[in-house]
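Number of protein chains: 2
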Amino acid sequence: VFLDGGGVVLALWDWDKLAQDAVLSARSPPQSFRGATFAWNCATPAEVDAIFAKAIEAGAGLLRKPEKTDYGGYRGYFSDPDGHAWEVVQAPGFAFTGDGRLILPE
Amino acid sequence: VFLDGGGVVLALWDWDKLAQDAVLSARSPPQSFRGATFAWNCATPAEVDAIFAKAIEAGAGLLRKPEKTDYGGYRGYFSDPDGHAWEVVQAPGFAFTGDGRLILPE
Numbered sequence: 018v019f020l021d022g023g024g025v026v027l028a029l030w031d032w033d034k035l036a037q038d039a040v041l042s043a044r045s046p047p048q049s050f051r052g053a054t055f056a057w058n059c060a061t062p063a064e065v066d067a068i069f070a071k072a073i074e075a076g077a078g079l080l081r082k083p084e085k086t087d088y089g090g091y092r093g094y095f096s097d098p099d100g101h102a103w104e105v106v107q108a109p110g111f112a113f114t115g116d117g118r119l120i121l122p123e
Numbered sequence: 018v019f020l021d022g023g024g025v026v027l028a029l030w031d032w033d034k035l036a037q038d039a040v041l042s043a044r045s046p047p048q049s050f051r052g053a054t055f056a057w058n059c060a061t062p063a064e065v066d067a068i069f070a071k072a073i074e075a076g077a078g079l080l081r082k083p084e085k086t087d088y089g090g091y092r093g094y095f096s097d098p099d100g101h102a103w104e105v106v107q108a109p110g111f112a113f114t115g116d117g118r119l120i121l122p123e
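Order-wise, the sequence lines are chains P and Y.
Under this note's numbering, the first residue of the first sequence carries the number 18, and numbering increases by one thereafter.
Under this note's numbering, the first residue of the second sequence carries the number 18, and numbering increases by one thereafter.
In short, the hints are calculated from the structure, not lab data.
Keep in mind the model is a prediction, meaning the values are calculated, not measured.
Be a bit skeptical, because a hint or two may be false.
Note that identical chains are pooled: a pair holds if it fits in a single copy or bridges any two copies.
[Unchecked claim] SDA-like mimics (lysine to any residue), calculated; alpha carbons at most 20 angstroms apart, straight line:
1. K82 <-> D38
2. K34 <-> H101
3. K34 <-> W57
4. K71 <-> W57
5. K34 <-> P47
6. K34 <-> G100
7. K82 <-> Q37
8. K85 <-> F111
9. K82 <-> P62
10. K34 <-> D87
11. K34 <-> K82
12. K71 <-> G100
13. K85 <-> I68
14. K85 <-> L35
15. K34 <-> L80
Can you build the whole structure from these sequences, using the hints too?
Here it is as structure tokens:
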């Protein structure tokens, strides 16, 4: 599956096949931090809560309930069935275009 | 560091701090497959070779030298200093906008 992100594409593929393509050992998914997370940026804390609840309802693992951050944002973390960590976050200064693209603060 | 990818942003952050934010154990980077790779899509095999050589020259680890794939593409893999696997690839049917954004095949 390829998801068009507007210039950047998120591609989903079979765990073992991608490991094989990268010539890496496809042991069971590491349980510790993998050095990368996905962040789903939202416009409001309420949107964070809604998306987070939807993920948990769909079977995601709870890593950290949404809460205020020390930089004035609001975020939580869940893990997907493959153990990837996803952040759902509303960050001050981060805005969006009409079609949902993230705009970085100046 | 935030790198604007046109709607999707690649953010670089301290390994330990991101692990802490996601409430995950920040042990040493897993050496086995982590379930995700980054792909740098190129327009031609020659561009793949050039980018790949630049990465290796900059100290990247060699996972797989660029070579033809069974789907008619051309790709190699290197690992960055944090052990993330990067694919450098030219895939048939994948094109680019004038400002370098990837266009998926129809």
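A quick look at each hint next to the structure:
For the identical chains of this complex, K82 and D38 are inter-copy neighbours only, at 11 angstroms across copies versus 35 angstroms inside a copy, given an alpha-carbon limit of 20 angstroms. Taking the shortest Cα distances, K34 and H101 sit within 20 angstroms of each other both inside one copy (17 angstroms) and across copies (17 angstroms). Taking CA atoms no more than 20 angstroms apart as the test, K34 paired with W57 passes between copies only; the shortest distance there is 18 angstroms, against 26 angstroms inside one copy. Taking the shortest Cα distances, K71 and W57 sit within 20 angstroms of each other inside one copy (13 angstroms), while across copies they are farther apart (32 angstroms).
Taking identical chains as interchangeable, the C-alpha atoms of K34 and P47 lie at most 20 angstroms apart whether they share a chain (17 angstroms) or sit on different chains (18 angstroms). Taking the shortest alpha-carbon separations for K34 and G100, both the intra-copy value of 17 angstroms and the inter-copy value of 19 angstroms come in at or below 20 angstroms. When the C-alpha separation of K82 and Q37 is checked against a cutoff of 20 angstroms, the pair qualifies only between copies, where the shortest distance is 14 angstroms, while the shortest distance within a copy is 35 angstroms. In this assembly of identical chains, K85 and F111 lie within 20 angstroms of each other by CA distance solely inside one copy; the values are 16 angstroms within and 41 angstroms between copies.
Taking the shortest alpha-carbon separations for K82 and P62, only the intra-copy value of 12 angstroms comes in at or below 20 angstroms, while the best inter-copy value is 45 angstroms. For the identical chains of this complex, K34 and D87 are inter-copy neighbours only, at 13 angstroms across copies versus 40 angstroms inside a copy, given an alpha-carbon limit of 20 angstroms. Proximity of K34 and K82 under a CA criterion of 20 angstroms is satisfied inter-copy only: 18 angstroms between copies versus 33 angstroms inside one chain copy. For the homomeric pair K71 and G100, the shortest alpha-carbon distance inside one copy (17 angstroms) is at most 20 angstroms, but the shortest distance between copies (32 angstroms) is not.
For a Cα distance limit of 20 angstroms, the shortest separation of K85 from I68 inside one copy, 16 angstroms, qualifies, whereas the shortest one across copies, 41 angstroms, does not. Proximity of K85 to L35 under the C-alpha cut-off of 20 angstroms is restricted to the inter-copy arrangement: shortest distance 16 angstroms between copies versus 36 angstroms within a copy. Proximity of K34 to L80 under the C-alpha cut-off of 20 angstroms is restricted to the inter-copy arrangement: shortest distance 15 angstroms between copies versus 27 angstroms within a copy.
The structure fails none of the hints (numbered hints given earlier).
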